[in-house]
Amino acid sequence: MSEVIRVEGLTKTYPLSKGSTPLVAVDGIDFSVQEGEVFGFLGPNGAGKTTTIRMLTGLSRPTSGRAVLLGLDLSRDMARIKKRIGVVPETSNLYDELTAFDNLIFAMQLYGVPRSERKRRAEALLERFRLSEKRNTLFAKLSRGMKRALTIAAALAHQPPLVFLDEPTTGLDVMSARNLRQTIARLRDEGVTVFLTTHYLEEAERLCDRIAIIVKGRIVALDSVSNLKSNAQSAGTVTVEITFSDGESGVETRRVEAQDVETAIQTALAQANGRQMVSINTLRPSLEDVFVKLTGLKAEVMLVEKGGKGGGNAGG
Amino acid sequence: MLVDDLRGMFYIALKDLRAYYFKPPNISWGILFPFAFILAFAIRNPGDLRSLVPGLLALTVLFGTSSMEAIVIVFERRIGSLERLLLAPIRLPALLAGKLLGGMTFGLTVTLAVLLIALSIFGGTETNWLMMALALLLSATAFSSLGAFVSVAVREVFEAQTLANFIRFPMMFLGGVFVSVDSLPAWLQVIARLLPLTYSVEALRAALTGGRWETVWLDLGFLAIFSLCLYSLAEYTLARRLD
Ligand SMILES: Nc1ncnc2c1ncn2[C@@H]1O[C@H](COP(=O)(O)OP(=O)(O)OP(=O)(O)O)[C@@H](O)[C@H]1O
Ligand SMILES: [Mg+2]
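Chains as they are written, first to last, in the numbering used here: chain F, 2 to 317; chain Y, 495 to 737.
Source of the hints: derived by calculation from the structure; they are not laboratory data.
A couple of the hints might just be wrong.
What the hints assert, rightly or not - When the alpha-carbon atoms are kept at most 20 Å apart in a straight line, the in silico SDA-like pairs for lysine to any residue are as follows:
#1 F:K142 / F:D174
#2 F:K294 / F:S225
#3 F:K148 / Y:T703
#4 F:K142 / Y:M495
#5 F:K142 / Y:Y514
#6 F:K142 / Y:I573
#7 F:K294 / F:R256
#8 F:K84 / Y:E577
#9 Y:K517 / F:L139
#10 F:K84 / Y:P587
#11 F:K84 / Y:M495
#12 F:K230 / F:E249
Please model the entire structure based on the sequences and the hints provided.
See below:
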């Protein structure tokens, strides 16, 4: 079995109050995820990423459409699917009243991990997520990054072959986010299939084998990162980065975007104002460019995205 | 699948007991509250203290099981941890049964402590232990289901407390805890007969005073019916709340 997730026409409609038109949160999406792949779901706030995960993990009933996970039909075999998936929700939701260690043990108890295995695995997970020192600390007393790490550890405790991660690194400092990314990369090495959502373009670029870009409930692009980029290139813009110097202290770097390289360079040179040109680079389109192009969302949205968590949904 | 459900039920109850129930404030409230009420009544109406014991026990089961139970589910839903249980390979009825089991275990433990104290003061030679066990168990099931229903019916934690008290306090005054139901006006008797606490007090009184099974069966039967209805209602409401 090489296809771990297959989704056809998956749709979720939320009825709105007061007779206005219902909200289509996820609008007939199709995709499939291969075994051992890290598959990224990238999109702005409210695009329908979380809703998709909630449907695929049995927390929310699809309005229509079909999904097969691990060879089992979502609508008929949810109980069996649940045993074999791990889910990390948008907000870290372990039990404040239990210690880090006990939280992991409880997670394993729910999934029927044999008693003889539990302790050993809990210790190993704490080790792996650099939380051994916090073994006996209440979840409530952990830092945000530690909570996130422990929540991911708990989702892996029953060793599922398929893991869903909803924004695993949002709100973490650079180092914690990096550590978590390394852990995710290691999951792939172990053959675990990973479905993750993120706002961070670099994260998707670094981690994912393939990316689906979802906007307003629809998938607008789905491909490997390199294919997405080369498509963006053939479709249009070129960016040139040029650095000027006034001979003494001042150095300024400017970026210019245009339809072709020649125009870009000419436009850039026109901004020289008598200064000397120190360096010039043509930039390959970044995933950011792809994203902006495909979503039609401009810089201001991206700024919200980059500033961490925009929007106020705490994962209801 | 049944194995998963039973295991899940057990561990959910265990987790709730450790995380929420067996915490000092909850333990002391569970015991103090019923005692305080009975004491207040006894001071105002000095008389046969012994006759207040069934009511004291029933109140202890009621508050012991339902106080925390009414909060637990809505609390976990608000902070998001209920999702962990929904994601686990456990069906909804078993999940809810696990929550019930937690409340029942705590309520019965506290009640047992109160029972021992009461028996050591008043003696218990006439006690029918089987009847007592059944009465306590079915009372705990009924009140725990009531708590679960309250917990799934509301959206906020404070609403759960308000709704639980809205139901419990009338029950306390009409259910035969302080004054016997027979001495109430006819229309209040009709209402009293719709309240599970009434049957709980009646069955416990019979168990303590060597009462006859013929009448107690009916009390126990009603408690079982209340349990079933409240549990089903709670499950139905919870299923609709999700999604
Ligand atoms: N329970 C719900 N009831 C009604 N509408 C909902 C519900 N959950 C989500 N929505 C709506 O569905 C749309 C998609 O939401 P979703 O949470 O899936 O977005 P997202 O892509 O995860 O966004 P974010 O990046 O902010 O997490 C939004 O418009 C949201 O308001
Ligand atoms: Mg989301």
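The hints, checked one at a time:
1. F:K142 / F:D174: holds (18 Å)
2. F:K294 / F:S225: Holds: K294 of chain F and S225 of chain F sit about 16 Å apart, inside 20 Å.
3. F:K148 / Y:T703: Since the Cα atoms of K148 of chain F and T703 of chain Y sit roughly 55 Å apart, the hinted pair is violated (cutoff 20 Å).
4. F:K142 / Y:M495: violated (36 Å)
5. F:K142 / Y:Y514: holds (17 Å)
6. F:K142 / Y:I573: Roughly 16 Å between the alpha carbons, so the hint for K142 of chain F and I573 of chain Y holds.
7. F:K294 / F:R256: holds (17 Å)
8. F:K84 / Y:E577: With Cα atoms ~15 Å apart, K84 of chain F and E577 of chain Y stay inside 20 Å; holds.
9. Y:K517 / F:L139: holds (15 Å)
10. F:K84 / Y:P587: holds (17 Å)
11. F:K84 / Y:M495: holds (11 Å)
12. F:K230 / F:E249: violated (38 Å)
Taken one by one, the earlier hints fail for this structure at numbers 3, 4, 12, listed in ascending order.
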